[in-house]
Each structure stands twice: as structure tokens, then as C-alpha cells.
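Colleague: Listed below, chain by chain, are the residues.
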Amino acid sequence: MNAPFGHAPSAARIDVHGLAKTYPGPGGGVLAIKNVDLFVEAGEFVTILGPSGCGKSSLLNILAGFEQATGGTALIGGREIHGPRHGQGVVFQDTAALFPWLSVHDNVAFGLMNTRLTRRERDAKVRAALATVGLEQFSGSWPHQLSGGMRQLASIARVLVTESRVLLMDEPFAALDALTRQQMQQKLLHIWQATGVSIVLITHSVDEAIYLGNRVYILTRRPAEVAAELSVDLPYPREVTDSAFNRLKSIALKTLGL
Amino acid sequence: MSFKNRLAGAVSDTTVIWRSIPLILLLGLWQYLVQVYRFGDGFIPSPVEVVQAMTEWVFGGGGRYSGTWAASLRDSAGRVICGFLVALAIGAPLGILMGSYRVAANLVDPVLQLIRPIPTVAWIPFCLIFFGIGNSAAIALVAVGAFFPIVLNAMAGARQVSPLHLRSALMLGATRFQILSRVVVPSALPSLLVGARVAIGLAWMLVVISEMVAVKSGLGYELWDAYYYNRMDVVVAAMATVGLFGFLSDLIVQRVVRRYLFWHQGTFR
Ligand SMILES: Nc1ncnc2c1ncn2[C@@H]1O[C@H](COP(=O)(O)OP(=O)(O)OP(=O)(O)O)[C@@H](O)[C@H]1O
Ligand SMILES: [Mg+2]
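Protein chains in written order, with the UniProt record's numbering: chain A, 1 to 258; chain B, 1 to 269.
No wet-lab data here; the hints were simulated from the structure.
Heads up, a few of these hints could be off.
[Said to hold, decoys possible] Label pairs and their calculated CB-CB ranges:
{"id": "1", "chain 1": "A", "residue 1": "PRO9", "chain 2": "B", "residue 2": "GLN160", "range": "37 to 45 Å"}
{"id": "2", "chain 1": "B", "residue 1": "PRO163", "chain 2": "A", "residue 2": "LEU253", "range": "31 to 39 Å"}
{"id": "3", "chain 1": "A", "residue 1": "VAL226", "chain 2": "B", "residue 2": "PRO163", "range": "48 to 56 Å"}
The C-beta atom is built at its ideal place from N, Cα and C for all residues, glycine as well.
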């Protein structure tokens, strides 16, 4: 199951070559990313692991189009990234990313605003997306009525409904408690297998990276470079107590210098 | 026990009784001082006299201030509403644009800052010259006064829009205009309604002043007229009317806030 399987027709591959990012500032600015090469096959689940402050969010923000690279290339579906757009779906770490003035249904429908769909078709899509993440009963709720985990699920649904080519997730479960976090990881795998979308997930949890990814990229301290790439040849659902799992874990920890 | 009530957010029946005690005592003391000690040498009406004047003013019964209350209230309230709506119609979009686009802020803000320190009542001569003695002058004055809290709060609200929500809208494919109308406007709403609440209070104040000084109808006009005719009972009745309706309009704004900003509680940080 290492190879991507049955990916969604809309799922795109990502190619990053020699990526660099310097934030302007005094004394030459801050070099956040030095030189990153990576790829994500269509429908693949790739996790990116790195020490805190190494430039993980910068990398994701470049893929999302929120930030511009200062060197190298980043392609989604073979095309250069020009700014944020429909199809480059992002799930943020902050659970306040839903629009608090819209119901869960309307939050999910937001991304369908500029499609030529009848109201009926739109509602059907919203319902399907909410069903995929298991929130169909909460369609009429408001974000402030949902738990943190449920808000992240709704955030995933609002991206899925757009048939996004990629799902970019920046520490989506970091704000959640340990138990909820494990449940969310299982749900995310489920969602991924149901939709076949390409996923890039950033985390600083070694367990999470190995539990979720087909492959794991491990980044160095800032300025970020790829320190290692691990293929996780384990079937889902994975066992964190498994010996193969722990072998990978010790490699990852060693790479991180721990 | 009071802590318990507070936690539950409850207003019990006994609270209402407790809260009315000082009011009743105050009215009783006032009546007593005026009636027994002739407090104010006959210039200060007693509560009973005010109620009598109010009854005559509302329902008629002869005299100078007979049955004109409703018409005056309608005139004043009409000016308050019109002036407030004009201020809202200009101030809210302008403030949101200023909060969203630096260019707009740079163009408009210096002018606003220049005009804002001028007390609104100082505009009365200009209002009269432009609009003549009448409705429009009063509406214009109310609009000028109500404009500032609305425009400034709309601007502050638009600036508070969360970058997270802007990014969310962008990655979901919203156009610039959609971001303005569907993200910035709702984000600015809580602050805008705070401004609206301040504005409606100012509106009542300004309508009374304009009617006292320039416009020959409305509650402020009757109040000033009653002062000249030494009818302090009617003056107090007019004060009470303005106070009551100022209070009611504030209540309406609060209702609107609660109706449309229910999502806001708990998300405001
Ligand atoms: N907009 C910005 N302007 C200037 N410097 C920035 C900006 N964003 C990030 N940086 C700097 O770039 C470096 C990498 O930041 P980034 O947020 O990408 O790291 P991260 O790996 O996501 O960190 P964390 O583990 O805290 O999430 C940091 O030193 C940070 O201070
Ligand atoms: Mg980060």
C-alpha cells in the first residue's frame, strides 16, 4: 500500500525543486528554507516532520500560495503556484479557521460559491462532504458549538467539497488533546482512503508522521533542508507498538538528533 | 447565592424588586421635598405634577401643551431614524473600505481627523444655511454626529478581520469582492454595532439640541418652549420622554446585536 492507489481524478502531484525562502529583514533577513526537494504523487499521503521553527509552515504556505518562494520551483499538477486558489486546499492548525458567522453547512458551501450548481446540487455536495468526515448531524450547528476536533473535521470538509487537488495540512491536530488527536488521525486516514486526495501533512510528532504517511520527509533545523526520506511500508491501520514501526521511529529520532 | 445567580446568568423576580426600591424612594423623596418644603420655590415640579402634565400632553385636555406629544415624538423620532440611517449608509461602507484598503484610509482619514474634533453642534449654522430651518437641517445634524462613531468603528472592525479567515476565503476561491462582502463585512459587524449604539445615543441628543435651537417642532422644541412659558412640569415630561425613547432605541440596537451576533460570543478574543 505504499504506492498511491485509486486516487481521485482531481488529485494532483506536487513537485518541489531546490526551494528556498528568505524573509526580508535587517541583516539579510531570515533564511527559513535553504534547499528543499520533495515530491508527492497523486493520491499519496506525505508527512513532513521537523524541529520547531525549522520552516515547516513556510514550506506549506508556499505550496498554498500564501507565500512566495525566493528560490527554486514548486509545482502542483505540473504548474507553477501563483497565489492561493481554489484547488489548493488548506487545513490550518488554528481551530478558529472556520467562519464563525456561518453555520457548518454554509462554511462547507463557501467553496462552492463560484460554481454553476443549482442549490439542490450544492446542498447534495455539502451533505456528501459532511458525511465523509462524519459530521452530517451537525450541518445546522455553528462553529462555536463544535469541539476542536469537530471543527477540524469541518475544515477538512470545506476543502473536500471543492474537489481540491491537494489537501495541505499544517499541524492540524496540534491544538487537540492526545485522545482526540488519535481519533482524528484514524478519521483522517479514513477520509483519505475514501477520497483519494493527495495530502501533505506537517507535524512535529514522530508518531503522527509515521502513523499517517506513505512517506515521511524529515527536515533539518532552520534553515530547512531534507535530512532524510522514509518510506513507511506498513499496512494501514498501523500499530505504534509494532517493531517495524519502532525501527522507523528510532531512525527518525536519530535523524532529528534526539 | 448571588454568585450562583451570576453563574446561571439569571435575573430573578426578587432582583427586579430590589432594583426598583431606590427609584421609588427617590421619587417619594422628590415629592416630599417639593410638597412639604416647597423645594425649588415652585420652579421644580413634583412627580405628581409631572404625571399630570404628561397626561395632558399625551391625551389632551386644554392648555398650551395639549395632545401634541405624539406628533412631537413622531417628528423627533423620524429625524433620529433618518439621520441615523444616513450616517449608517455612508459611514458603514466608507469605514469598511478604509479598514480594508490602505489607499482609502490614507485618502479619507486625514479629513476625518481634521473634522472630528469639531463639536457636532458647531455645525448647526451650516446645517441651517444648507438646509433651511426644518426637518432636513435636524436630520443633517444628527447624521453628522452619528457618522463618526459609525465610520470609525466600521474601520476598526474591518481591520480586525482575521488573516486566517482571509486565507481561508482565498484558498476556497473567493473573489476580492466576495472577500469584502462575505468575510470583511461580517468580521466588522460586532465593532460596527458598538458604533451604532453610540451613534443612536448621540442622535437623540443632537435632535433635541437642533430642535431647541433651530427647528420649530419636536420634543426639543416643546421642551424649550415650555421653559420659556415657565412650565417646568412639561420640561420634565419632555426630558422623561427623550430619556425613555433613547433607552428604547438602545434596547433595539442591543436586540439586533443579539439577534445577528449570536455567533460572536466565545469567538471574540
Ligand atoms: N512572515 C514572516 N516574516 C519573517 N520571518 C518569518 C515569517 N514567517 C516565519 N518566519 C521565520 O521563519 C522561520 C521558520 O518559520 P516557520 O513558521 O516556517 O517554522 P515552523 O517549522 O512552522 O515552526 P513551528 O514549529 O513553530 O510551527 C522562523 O525563524 C520564523 O521566525
Ligand atoms: Mg508552523
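Colleague: So, for every hint listed, does it hold in this structure?
Modeller: Hint check:
no.	hint	in the structure
1	A:PRO9 x B:GLN160: 37 to 45 Å	holds, 40 Å
2	B:PRO163 x A:LEU253: 31 to 39 Å	holds, 34 Å
3	A:VAL226 x B:PRO163: 48 to 56 Å	violated, 29 Å
Going down the numbered hints, you'll see the structure goes against just number 3.
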